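Asker: Sequence:
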Amino acid sequence: MDYESGEIEARWQKYWVENQVYKTSNDTSKPKYYVLDMFPYPSGAGLHVGHPMGYIASDIFARYKRLQGYNVLHPMGYDAFGLPAEQYAIQTGVHPAVSTNQNIDFYRKQLDNLGFSFDWSRSVNTSDPNYYKWTQHIFLKLFGHYYNNETNKATAIEELIAVFEQEGNASVNAASSQEAIFSAAEWRAYSPKEQDDVLMNYRLAYRKVGFVNWCEELGTVLANDEVKDGVSERGGFPVIKRPMRQWALRITAYAERLLEGLDQVDFSEALKTQQRNWIGRSEGAKLFFDLKGHDGAIEVFTTRPDTVFGATFMVLAPEHDLVNQITTPEQKEAIEAYQKYANSRSERDRMADVKSITGAFTGAYAINPFTGKEIPVWIADYVLIGYGTGAIMAVPSGDERDHRFATHFELDIVQVVDQSAHEGAGIGDKVGVMMNSDFLDGMPVKEAILAAIKEIETKKIGEGKVNYRLRDANFSRQRYWGEPFPVKYDKDGVAHAETQLPLELPTLDNFKPTSEGKAPLARATDWVTQGDMTREIDTMPGFAGSSWYFLRYMDPTNEAEPFSKEAVNYWKEVDLYVGGAEHAVGHLMYSRFWHKFMYDLGMVPTREPYKKLVNQGMLQGVIEFLYMLKEKQNGKSVFISADKLAEYEGQETTQIPVHIDFVVDYGKESSYLNEEGIKKFRAWRPDYTDVLFVTNEAGHVVTNSEIGKISKSKFNVINPDTVIQEHGTDCFRMYEMFLGPLEDSKPWDTKGITGVSKFLRKFWNLFHKDGAWMVSNEKASAEELKILHTAIKKVNQDIANFSFNTCIAHFMVATNDLKKVNCNKREILEMMVVLMAPFAPFLTEELWHKLGNEGSVHANAVYPKHDDAHLVQNTITYPVCINGKKRAMATFAADANKDAIEKEALSIEEVQKWIDGKTIRKVIVVPKRMVNIVI
Numbered sequence: 001m002d003y004e005s006g007e008i009e010a011r012w013q014k015y016w017v018e019n020q021v022y023k024t025s026n027d028t029s030k031p032k033y034y035v036l037d038m039f040p041y042p043s044g045a046g047l048h049v050g051h052p053m054g055y056i057a058s059d060i061f062a063r064y065k066r067l068q069g070y071n072v073l074h075p076m077g078y079d080a081f082g083l084p085a086e087q088y089a090i091q092t093g094v095h096p097a098v099s100t101n102q103n104i105d106f107y108r109k110q111l112d113n114l115g116f117s118f119d120w121s122r123s124v125n126t127s128d129p130n131y132y133k134w135t136q137h138i139f140l141k142l143f144g145h146y147y148n149n150e151t152n153k154a155t156a157i158e159e160l161i162a163v164f165e166q167e168g169n170a171s172v173n174a175a176s177s178q179e180a181i182f183s184a185a186e187w188r189a190y191s192p193k194e195q196d197d198v199l200m201n202y203r204l205a206y207r208k209v210g211f212v213n214w215c216e217e218l219g220t221v222l223a224n225d226e227v228k229d230g231v232s233e234r235g236g237f238p239v240i241k242r243p244m245r246q247w248a249l250r251i252t253a254y255a256e257r258l259l260e261g262l263d264q265v266d267f268s269e270a271l272k273t274q275q276r277n278w279i280g281r282s283e284g285a286k287l288f289f290d291l292k293g294h295d296g297a298i299e300v301f302t303t304r305p306d307t308v309f310g311a312t313f314m315v316l317a318p319e320h321d322l323v324n325q326i327t328t329p330e331q332k333e334a335i336e337a338y339q340k341y342a343n344s345r346s347e348r349d350r351m352a353d354v355k356s357i358t359g360a361f362t363g364a365y366a367i368n369p370f371t372g373k374e375i376p377v378w379i380a381d382y383v384l385i386g387y388g389t390g391a392i393m394a395v396p397s398g399d400e401r402d403h404r405f406a407t408h409f410e411l412d413i414v415q416v417v418d419q420s421a422h423e424g425a426g427i428g429d430k431v432g433v434m435m436n437s438d439f440l441d442g443m444p445v446k447e448a449i450l451a452a453i454k455e456i457e458t459k460k461i462g463e464g465k466v467n468y469r470l471r472d473a474n475f476s477r478q479r480y481w482g483e484p485f486p487v488k489y490d491k492d493g494v495a496h497a498e499t500q501l502p503l504e505l506p507t508l509d510n511f512k513p514t515s516e517g518k519a520p521l522a523r524a525t526d527w528v529t530q531g532d533m534t535r536e537i538d539t540m541p542g543f544a545g546s547s548w549y550f551l552r553y554m555d556p557t558n559e560a561e562p563f564s565k566e567a568v569n570y571w572k573e574v575d576l577y578v579g580g581a582e583h584a585v586g587h588l589m590y591s592r593f594w595h596k597f598m599y600d601l602g603m604v605p606t607r608e609p610y611k612k613l614v615n616q617g618m619l620q621g622v623i624e625f626l627y628m629l630k631e632k633q634n635g636k637s638v639f640i641s642a643d644k645l646a647e648y649e650g651q652e653t654t655q656i657p658v659h660i661d662f663v664v665d666y667g668k669e670s671s672y673l674n675e676e677g678i679k680k681f682r683a684w685r686p687d688y689t690d691v692l693f694v695t696n697e698a699g700h701v702v703t704n705s706e707i708g709k710i711s712k713s714k715f716n717v718i719n720p721d722t723v724i725q726e727h728g729t730d731c732f733r734m735y736e737m738f739l740g741p742l743e744d745s746k747p748w749d750t751k752g753i754t755g756v757s758k759f760l761r762k763f764w765n766l767f768h769k770d771g772a773w774m775v776s777n778e779k780a781s782a783e784e785l786k787i788l789h790t791a792i793k794k795v796n797q798d799i800a801n802f803s804f805n806t807c808i809a810h811f812m813v814a815t816n817d818l819k820k821v822n823c824n825k826r827e828i829l830e831m832m833v834v835l836m837a838p839f840a841p842f843l844t845e846e847l848w849h850k851l852g853n854e855g856s857v858h859a860n861a862v863y864p865k866h867d868d869a870h871l872v873q874n875t876i877t878y879p880v881c882i883n884g885k886k887r888a889m890a891t892f893a894a895d896a897n898k899d900a901i902e903k904e905a906l907s908i909e910e911v912q913k914w915i916d917g918k919t920i921r922k923v924i925v926v927p928k929r930m931v932n933i934v935i
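Residue numbering for the sequence shown follows full-length UniProt numbering, starting at 1 and increasing by one per position.
Keep in mind that the hints were calculated from the coordinates and are not lab data.
Values in this document were obtained by computation on a predicted structure and should not be read as measured data.
Take the hints with a grain of salt, since some may be wrong.
[Claimed, not checked] FRET-style restraints, in silico, Cβ to Cβ:
#, residue 1, residue 2, range
1, Ser515, Ala560, 38 to 48 angstroms
2, Ser123, Lys512, 24 to 34 angstroms
3, Glu400, Ser183, 40 to 50 angstroms
4, Glu216, Asp263, 43 to 53 angstroms
5, Thr722, Asp687, 22 to 32 angstroms
6, Lys512, Glu582, 24 to 34 angstroms
7, Lys886, Val821, 16 to 26 angstroms
8, Val163, Asp490, 23 to 33 angstroms
9, Arg404, Lys636, 40 to 50 angstroms
10, Ile240, Ser123, 37 to 47 angstroms
11, Ser123, Arg242, 32 to 42 angstroms
A virtual CB, placed ideally from N, CA and C, is assigned to each residue, including glycine.
Assemble the whole structure, with the sequences as input and the hints as a guide.
Answerer: Below you can see the structure in the form of structure tokens.
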């Protein structure tokens, strides 16, 4: 019987489903192991060959742990809300729910085709009301709690209200944006709206007015990483800064705990560094600069309060509230022009543009609280409203950007650090010595910082403070396709929680914002208006549902609560989380925050949601480019075969990506477009229909092949279904793992897949001869057992370290070695089947049953362990030479002495032919190397 992968895979896929082989129960009698993949978004494009890499790795490990006797939870679901489905609806009129469900069906077929051991009975879909009911429930919990700095945990808002009613807020130590101090009497005198506004300054889910990235064309707020060069990454539409009332989550309250938690998890150091940098903890002082001729002051945070003597000007973010208040009439026009300019730039661009020097003078002056000098107040886009206080004291002698700004605008520069005091000493060095700094003169920097903070607190113009770069999470989107906020407002604008969940999305057929710029839900007037109450028309962002989905998998059908205590106390946390490095900050940070909040409420038993995280590397593809002259010839674009470029030396060219389906020998050095490919290219790109193609002598246009990201925009997407159809799922799975270390990026190159295909057929042929089953029940030899147990030992070591590429190499070596000794013993081959089962689930299932076993290899077998006794070398094979030329091979006992080896070597029939009648001068035995008979 030949190895027919398609037939085998179809049979066992059906068997697994019918017998619920991968269905997981909360069986507390077994040790648990939770393997999780990062939540995929079901796009209409489906999976390309790069997507399954992490899924294959996690599936191998899940199968491995299951065979080790663990109760393995390995679920899959869909992060199904989001902007792509809404944009598709706007373009086509297809409701997002319809297109999303179609995409999910397509994804499911592709995932099943890859042979994954997911428990589909636990699947979740974030756009399903039965799921987002609980997302809304958790949001209301956040809305109903504040962060108590005394107990260092989330506390019910009712407890805070009770304190306000008894004593006001003077003694409250909480994470908040509340500035005013009020008494109990004042609190009780506040109107309901005033009380609601105060509480919003404490709640973990709260409303605030903030500057957001507004994209009119998309009709929504975009995150900073969705904006590039002032336009949206999706669609390239203009983005401006706009003040808007938004829901936010007070993740900053958990900043210190998010930092501390990184010491408890097994993440890569690179990922931990990313998270630490994102949180951005720094120690310093909060300091106030009074404004000349105005009430109020400018608040700044600085890590170097000792340099305050060198602060010669102030810089506010262009969006700062004080700008319009303090700008003089003479400077108003310049300030407004600059604000407009800054408004067109994304925060990412403003942060990245370190060389640009722009700004405008407000006409106002602040008072340096230490020198008493008047210093000018400027605005500049290198100061961001969302970072710190949105204002800085500029010290041009120490900060490079401040120095360039001061030099450009001819502002004062006062040296406050003696940089010659120590070789290489600078503003950030702890060895510098202060100068021009009054009472700080002569102090080492570290001492000067502490002395400055003490003086600031003595003067009551600020205080020592720990600051974080982390900002509260914007939680509102002006979209339709997202979770509705379970909040409604009375006639005074006071927020009230919805009592009936889920609050479902109303049905709409127009998904654009209204003409007034309101979110699409404003169109559902009957849904928005509830008597004298109105519902929130914003929806939650994509990360809402993905911030807790791993917990719902533990108890996905629970209708009474998000998950039961019994389920979460058994599964606890994710033991292995596999996903792309692109989620290293955003998703991981938010989900860790939600988890810590739920820990505070006693909903989960662990402080961290994930024990170990592995980021798989990116699978890169080959991008095929055509060379095109930048200058048209006779009004036509000209494409040139790569091997003809020398004839156009001196003329500039550009590269145009071409669809890989049109390319002959895709990915090879000889790749090219033939006549048919050129015809397809013209039909595909009608804007290039009337062009000239400069071909080579063969009539071909040779392309330029480069390694790059697999992307629709590069036209190099390869559907895994196509590869599977040709080579089989087991071959596809093993090939992707064989490409290199899991965490490395590597190129996809189908040239190597034939080697893996040949290996699988070679493994199959260990069990068959000329298509007939030939497995023997004879006892295995010592050599065969050694081959087997060597493989078992190496694979167990490497699979535990996620070194799947070397595991496959061990399978190949063992298969070759078993083939050499003509091994067909059940004792050996059955263990090889189990050893390879996590990697090639279909092939091994077929062989397991052909060996006469009941049930599934993936549910009924036990992963083998090596026996050191079989790894001991009992014999040694020596080449036997006559006068240095090998004439025979002989195997001797490993402990045989020289005399015994010499005697047995001389008795070998093949050796006797060469020494017959000749005088043996001597016999040389080189231990464990060779025997040489000198005649």
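Asker: Now tell me if each hint is right for this structure.
Answerer: Status of the hints after comparison with the structure:
Look at serine 515 against alanine 560: about 43 angstroms separates their beta carbons, and that is inside 38 to 48 angstroms. Taking 24 to 34 angstroms as the suggested C-beta distance range, the pair serine 123 and lysine 512 conforms, at roughly 32 angstroms. The hinted window of 40 to 50 angstroms between glutamate 400 and serine 183 holds, with their beta carbons roughly 47 angstroms apart. For the pair glutamate 216 and aspartate 263, the supplied restraint of 43 to 53 angstroms holds, since their beta-carbon distance comes to about 45 angstroms.
At roughly 28 angstroms, the beta carbons of threonine 722 and aspartate 687 sit within the given window of 22 to 32 angstroms. For lysine 512 and glutamate 582, the hinted distance range of 24 to 34 angstroms is satisfied, since their beta carbons lie about 29 angstroms from each other. Remark: the range hint 16 to 26 angstroms for lysine 886 to valine 821 is upheld by a beta-carbon distance near 21 angstroms. Our hint of 23 to 33 angstroms for valine 163 and aspartate 490 holds, since their Cβ atoms are close to 24 angstroms apart.
Between arginine 404 and lysine 636 the beta carbons are some 48 angstroms apart, a value that agrees with the proposed interval 40 to 50 angstroms. Evaluation of the 37 to 47 angstroms hint for isoleucine 240 and serine 123 yields a pass: the beta carbon distance comes to about 40 angstroms. As the Cβ distance of serine 123 to arginine 242 is approximately 38 angstroms, the hint placing it in 32 to 42 angstroms holds.
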